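The lines below spell out each chain.
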Amino acid sequence: MYDVGLDNVAQRKANMFRFIVSRTIWLLITLWAVFTVSFCLMRAVPGGPLDRERRLDPQIERNLAARYHLDDPFWKQYVRELGNVLRFDLGYSYRMADFTVNQIIAQGLPVSAALGGAAMLFALAVGIPTGVVSAVRRNGLADRVLMTAATLGIALPNFVIAGFAIILFVFLLPWFPAAGWGTPSHLVLPAVCLGAPYAAYIARLTRTGMLDVLRQDYIRTARAKGLSAIAVIFRHALRTALTPVVSFLGPAVAGIVTGSPVVEKIFAIPGLGVHFVEAAIQRDYTLAMGLVLLFTLLLYGANVLVDAAYVLLDPRVKLR
Amino acid sequence: MTRAATVYRILVGAILLLSVFGLAAALALVRPEKADFTFCNGTEIKTVDPALVSGQPEGRVIWAIFEGLTTYHPRTLAPMPGVAERWEISPDGKTYTFFLRKDARWSDGRPVTAEDFRWSFQRLLHPETAAEYAYELWYITHAEEYTGGRVAVGDPVEIELREREPSDPPFARGKMLYGRLLAIEAPEAAASSTGPGRAEGSGPPTAEPVYVVDIGGKPRRFQRATAVPRDPTAEDYAWLLFDFHRVGIQAIDERTLQITLKHPVPYFLEIVGFFPMCPVPRHCVERYGYPAWTKPENIVCNGPFVLKYRRIRDRIRLEKNPYYWDRADVLLNSVDVLAVESAVTGLNLYLTGSSDWIPTVPNEIVPDLLRSRRRDFLPAPYLASEYYIFNTRREPLNKSQVRRAIAMAVNKQEIVSRVLRSGQIPAESLVPADIAKYVAYQPPHCERYDPQRAAALLSEAGYPGGRGMPRMELLYNTHESHQAIAELLQSQWSRTLGLDVRLNNQDWARYLASRREGEFWIARAGWIADYLDPNTFLEMFTTDNPNNHGGWSHPEYDSLVAAAQVEPRPEQRMRLFRRAEEILLREMPLIPIYWPVTRNMVSPRVQGFYPNILDIHPLKDLRIADHPSLGTGE
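Sequence lines, in order, name chains X and E. When you line the first sequence up against my numbering, it's residues 1 to 320, in that order. When you line the second sequence up against my numbering, it's residues 1 to 634, in that order.
In isolation and in its complexed conformation, chain X is listed as follows:
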């Protein structure tokens, strides 16, 4: 137990406030830098959003470019788009012209988040118990089998896992639909395929953490007191052993809720992952920009949360 004095609390509140302000400023700078780099890169690569296999009549091409202001000088396009971003209005997608970038994100993000949430839940529900069992039965048969499975889970790309899952649970055992979105049963296979590598990783982190903790003196004390093995593991050891899992969760959640192009494509799920890839391939400038900025924001936010969580975990860590 730490005895925290009143002064100390005030001090920590002030620190927290400073921390939030400075991180917000850095966030804005990061977003601006990401915006500028993406803007330049997108226009530097050959090809543009109006290209297609059959070449248009030059007059029609000019009309199209004028319509999208692509005939403006570079700096003018930059200023216009920066202004749009500041107003949170990225305009219409080039590729899906009936929708604004905001509408596309509004439809896609909840889908990706639901899928990502379910995948994360699966990863935690499978990963943590697996890690605990492996650590407790260290070098036993269970440990070897589970850790081999975990290594496979990390090593196998998720389209391979998806292929096996579809053959098994769609065609051999017709339990789940092959693809699509609309009912909870549509969520199961993609969530498992998306979550499997994360589950494997969490299992390894948990196992390592547990092995560390189980050697500590206080565990020996707890055992010596005559506590049951289960009580020792869950009440004492696991709490501490999960610290590395928490720090892994921050960026992992940011990555997983913005969608996975591979799993979304295989299961025809209308999330953000496929948008991301297609926007880049099709040179859909506005949509690509919106998604890059969204991802920056989420990744940055998740990292700030993890930093803040460390402080809660350990008062010796100072916020700066």
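Hints in this document: simulated from the structure, not taken from any laboratory. Keep in mind that the hints are not guaranteed to be accurate.
One-sided and incomplete, this derived list gives chain X residues near chain E with beta-carbon spacing under 8 Å [stated by the list, open to error]:
| no. | residue |
| --- | --- |
| 1 | Val45 |
| 2 | Gly47 |
| 3 | Asn63 |
| 4 | Gln107 |
| 5 | Pro177 |
| 6 | Leu249 |
Just so you know, these numbers come straight off a predicted model, no measurement behind them. All C-beta atoms, glycine included, are put in the ideal place defined by N, C-alpha and C.
The hints should help you fit chain E onto chain X, whose structure is shown.
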């Protein structure tokens, strides 16, 4: 509080949050009722605005919710009455008079009139709409001038003043003036290559001419406000175009539309049935503007179906249109259009009964499907061509002998039977031979595969055994089968001609840019016909055609194609096209590789589906059989 306890709480909190999130999302999922008919439509469509689309997936949706003057017969592709119940063609083949049916209605109950078509065609042609398919209507007199903003002294012109709010939707007409162009006062060096069309924000200020227009007997001067130097006596304008009243599209009365062409166009009835030429409801477009008018809650359409809802990259739900004139013959009440990007996923959906039609199947399983003779797999010839083009601007590809040698060394049979293996046909001409089943055109043959003669030709040209040939590159876009074909070509050329060709694989957008800029030696190309006529292929190799990326130019070819395009006698016309293609295949600015096939898979419970050479399958004609054993239409 201990550190460990905090970790525990955070973790439990995170798990709870995730569970709540997951549950909420799962509950928020809408469970759509199964539609009568579901099909996979490939990629998410660009828009449902007919004027702004170009692809096949878009076409399937547009044709379901809109209907043009004509429609296509699902089997023979012959033009059939659509909104026009009949038409008359003048003896010179240049004037088409369409008589609209009186029961044609918009989905809000209003009648579809000739004026609706006139306005929709004007919108399609107007430069502000920037429609990709506007050129299809350039056969109409003065239509090309209208889209291009090209005016000459003496022309009737229309001027749209800037009395439109900036927030107004595109193509809401502001105040219009009409008159005759008296003079173009060009400041020096103002060749006006961009035309007078657009007035605003177009790059750096350029020298802009002053247009002097006689309006009601008084000359008035117009110049863009952005012009430098600016003539202080001139008025600003938004658009200055050829007067649309003088373009060959006239609404004679509510139900009669007259269209005048520059020259006879035998496939014009197909063109007016093509999906970009579907009418759009002026009252709806002007009320909501683009793209708000395309939203399911706003859209008004005139086809067999209406748009119920749209979920991006998921599905489009269509429902039967109660106001459609032929509603008695529409037997599907609801249709789901799935956006499924991957062919494998589409096949999984089809095999598990979640989709009744998939327009394509993965390449790898085609040999199996062919072997097992599944009755629901319907491969059929397609009016499309896969070929490679030579960059004839570069030495030594500017020599026809060298091109012929390279082309003659290509073993197409090997490509088709070893790489593609799914029923494609080795191509002996640019225009697919199967066109002969629909129109009276028999394409000529190019020289056959002959390694010895190819090698002899190359040494005659001064490159015996490939010595002296530069190191060339083969450009193609990222795709499994394109890659395999390019590798095979590389080895065939190295084997028979001793050529050292490198492969250059680029992503789609970059590859298009390279082709357009002429940054290639030999490049892969593909072309899908827009209409049933050799012109759709042959036009592309005329000098200065925007799609002639290889820069090949042959005056005789140009004049033959030009003569064929305006030739009124059908037989003579096809003879001219054939002579043109003979030149093409003698000079070889391209290597025809293969003709693709369509690969539809249609559930046995679906009737009224017919494979055809344009791969057009109107949803209107489909129905679900009570006795699936009857199978699909043969």
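The hints, checked one at a time:
Against a cut-off of 8 Å between C-beta atoms, the interface hint on Val45(X) holds, since the closest Cβ of chain E lies about 7 Å away. Contact between Gly47(X) and chain E, as hinted, is supported at the beta carbon level, the nearest pair being about 3 Å apart and thus within 8 Å. Satisfaction of the interface hint for Asn63(X) is found here, the shortest Cβ-Cβ separation to chain E being roughly 4 Å, below the 8 Å cut-off. The interface hint given for Gln107(X) is met, as the beta carbon of that residue sits about 5 Å from the closest beta carbon of chain E, less than 8 Å.
Here the hint on Pro177(X) is kept, as its CB sits about 6 Å from the closest CB of chain E, short of 8 Å. At a threshold of 8 Å, the smallest CB-CB gap from Leu249(X) to chain E is about 6 Å, leaving the interface hint in force.
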